[in-house]
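Engineer: Chains as they are written, first to last, in this note's numbering: chain A, 2 to 238; chain B, 641 to 905.
Since the hints were made in silico from the structure, they are not lab data.
Everything numeric in this text was worked out from a predicted model, so none of it was measured.
Treat the hints loosely; a few may be bogus.
Distance condition first, Cα-Cα at most 20 Å in a straight line; then the derived EDC-like pairs of lysine to aspartate or glutamate [to be verified]:
#1 B:886 - A:224
#2 A:80 - B:677
#3 B:886 - A:221
#4 A:110 - A:120
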Amino acid sequence: MTEELKFGGHISRQFDEELDEIRSRVLKMGSLVEEQLEKTLTALREMSPASISGVSKLDRKVNKMEMKIDEECTQILAKRQPAAGDLRLIIATSKSVRDLERAGDEAEKVAHMVKRALENDTSPNLYKGLQDLVEQVEELLHATLDTYARMETRSAVHNMRLDQAVDAEYGRVIFRLVEIMKNDSDSVSDALDVMWAARSLERIGDHCINICENVIYLVEGEDVRHTKFKEIEDQLS
Amino acid sequence: MTERFQTVGNPLLEDPKMRVRNASVFYADKQAIFDVDLDIGKNQVISMIGPSGCGKSTFLRCLNRMNDTIDICRVEGQLELDGQDINDRKIDVVELRARVGMVFQKPNPFPKSIYENVAYGARIHGLTDNKVQLDDLVEQCLQRCGLWKEVKDRLHEPATGLSGGQQQRLCIARAIAVNPEVILMDEPCSALDPIATATVEELIHELSQNFTICIVTHSMQQAARVSERTAYFHLGKLIEVNDTSKVFTNPEHQLTEEYITGRIG
Ligand SMILES: Nc1ncnc2c1ncn2[C@@H]1O[C@H](COP(=O)(O)OP(=O)(O)OP(=O)(O)O)[C@@H](O)[C@H]1O
Ligand SMILES: [Mg+2]
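Kindly produce the complete structure, drawing on both the sequences and the hints.
Structural biologist: Encoded structure:
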């Protein structure tokens, strides 16, 4: 079974270059989403909203890149009529940039909510739990981009495990928030804000997993969406 | 002797129209096809692809014994049409070639009228000699090939006056006039423009309702569009046979992948 796909080596070197270009753009786009999360994390660590400036600008860049990459994928489909692995690369990429774009939107939401919480002197009790979650999601996103860059399935499966940890952490954050709300009804409004932020972070994890599934499809030619994690693991081992 | 090469995918079928086992072809002492096992499904389109010189035409010619016409060419192995050995001495080659018709890369109409091109085969194969029946047959075949409207007022003009695409469709009309069971096509569209190509492809699709079609093509997109199964040849070996949808999205063999993605030519 293939575990890594090699691109390049086409008779048309120009085609190789076009594919390389697309792949490096996707990574660039992903790094912009990472940057959004990083800014949020810094703000939480320093308990200051200062670092969360320019997040919306980053997100606009992410949106532009999505359109650009989509356009390039369309061009390649029209000009090169790619087949097999090349075709799967284009399909997987054009799906993955949608997920990255949506992850970018969620990251922007999180940043704004954290900013608001910090500016409004929301009790740190409420949002301090987010820090671990942001860290974990950032790690997952980073690992996902790495998986996409290397086009291999083993790490894709590993990332699914990271996402399970994200889900568990999300559950703990929510549980804690509910406890706080139960004891302090004045906190409900602020707590709900934090809850939405947590929810967005959890969604980013899901987008990462979609990307990993795309990479598995790309490498193996198998569609593993809507397949239980255990089955995927068995299938690929 | 080296170990026998194993084709990947699904080269064999249940109840095939043609069955090929262990086929090898030699030109003098140079081997061009190596131990091919392949079944060709009834009323299906199968395409043969592969780099130039890999043996597609040679293989195709085995299926109606056209290789017999090449002196230095020798075919080994078992080839069956409906379970009947086509190399059997009792087989009449002329009749075999009527049952397994062929369309070539370059349209090659006879230097006769459009009408005669279609009627000729039917007449010599003794299908009919009756004027009314022949008229009927000619119209029917030209209709099926989408040529009738274009030529009905000039049926008795020379076929060579038709455009390339029209000539190729005429050759297909000529091939189906003798009511073959299998039609072999060796790059039938390589001399045609995109519109004529699309018409011929549409025709192939229609014909596959009633005929078994094997098509050799250099256009990957054409193979993807017209055929249900695709066979990939490389240096005389049958590397992979699979459903066309699989071959073009997720081929099993590395060589197939390299060829269809344009890494080997
Ligand atoms: N009449 C012949 N005499 C000698 N060798 C031949 C003859 N016809 C074909 N060959 C050789 O047999 C091999 C297969 O040729 P064939 O024509 O079957 O390839 P092909 O796949 O149809 O190529 P193309 O895509 O260029 O039409 C080649 O090495 C070719 O040189
Ligand atoms: Mg040929």
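Engineer: Between residue 110 (chain A) and residue 120 (chain A), does the CA-CA distance stay at or below 20 Å?
Structural biologist: Holds. Residue 110 (chain A) to residue 120 (chain A) sits at ~15 Å (cutoff 20 Å).
Engineer: For a C-alpha distance cap of 20 Å, please report whether residue 80 (chain A) and residue 677 (chain B) respect it.
Structural biologist: Violated: residue 80 (chain A) and residue 677 (chain B) sit about 36 Å apart, past 20 Å.
Engineer: Holds or violated: residue 886 (chain B) with residue 224 (chain A), Cα cutoff 20 Å?
Structural biologist: The given pair, whose Cα atoms are some 13 Å apart, holds under the 20 Å limit.
Engineer: For the pair we were handed, residue 886 (chain B) and residue 221 (chain A), check the Cα-Cα distance against 20 Å.
Structural biologist: holds (12 Å)
The structure shown violates just one earlier hint, number 2.
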